[in-house]
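Asks: Make a model of the complete structure from these sequences and hints.
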Amino acid sequence: MIYPAFEAGELTGNILLKDRNLMELWKWAADEGQIQAIKVRGKNYAVVKDPDLAAKISAASLAIKQYRYDDEKEQLL
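Counting from 84, one number per residue, gives the positions in the sequence shown under our numbering.
All clues given are correct.
Once the Cα atoms are required to be at most 30 Å apart in a straight line, the calculated DSSO-like pairs of lysine-lysine come out as: (1) K110 <-> K156; (2) K148 <-> K122; (3) K110 <-> K122; (4) K110 <-> K148; (5) K126 <-> K101; (6) K126 <-> K139; (7) K139 <-> K156; (8) K126 <-> K148; (9) K132 <-> K101; (10) K156 <-> K122; (11) K110 <-> K126; (12) K101 <-> K139.
Derived by calculation from the structure, the hints in this document are not laboratory data.
Replies: Have a look at this one:
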């Protein structure tokens with residue numbers, strides 16, 4: 084399965100800390116196992132497995148880059 088992924092520092096600083104409602108959705112998704120932390124070449128990424136949350140993150144800021152993560156291959160595409 085392919086999931087959207089975001090650089091963790093950008094996501095936290097540019098989106099989640101500025102939007103309380105989105106932060107609450109993030110916490111819920113994390114509690115439900117819908118967020119996966121990965122590290123690629125020294126950078127931390129958050130893989131978002133909940134499609135609604137991923138869409139809201141993307142809509143909150145067009146400046147944040149969205150990556151694609153292949154769950155089967157365990158790598159960013």
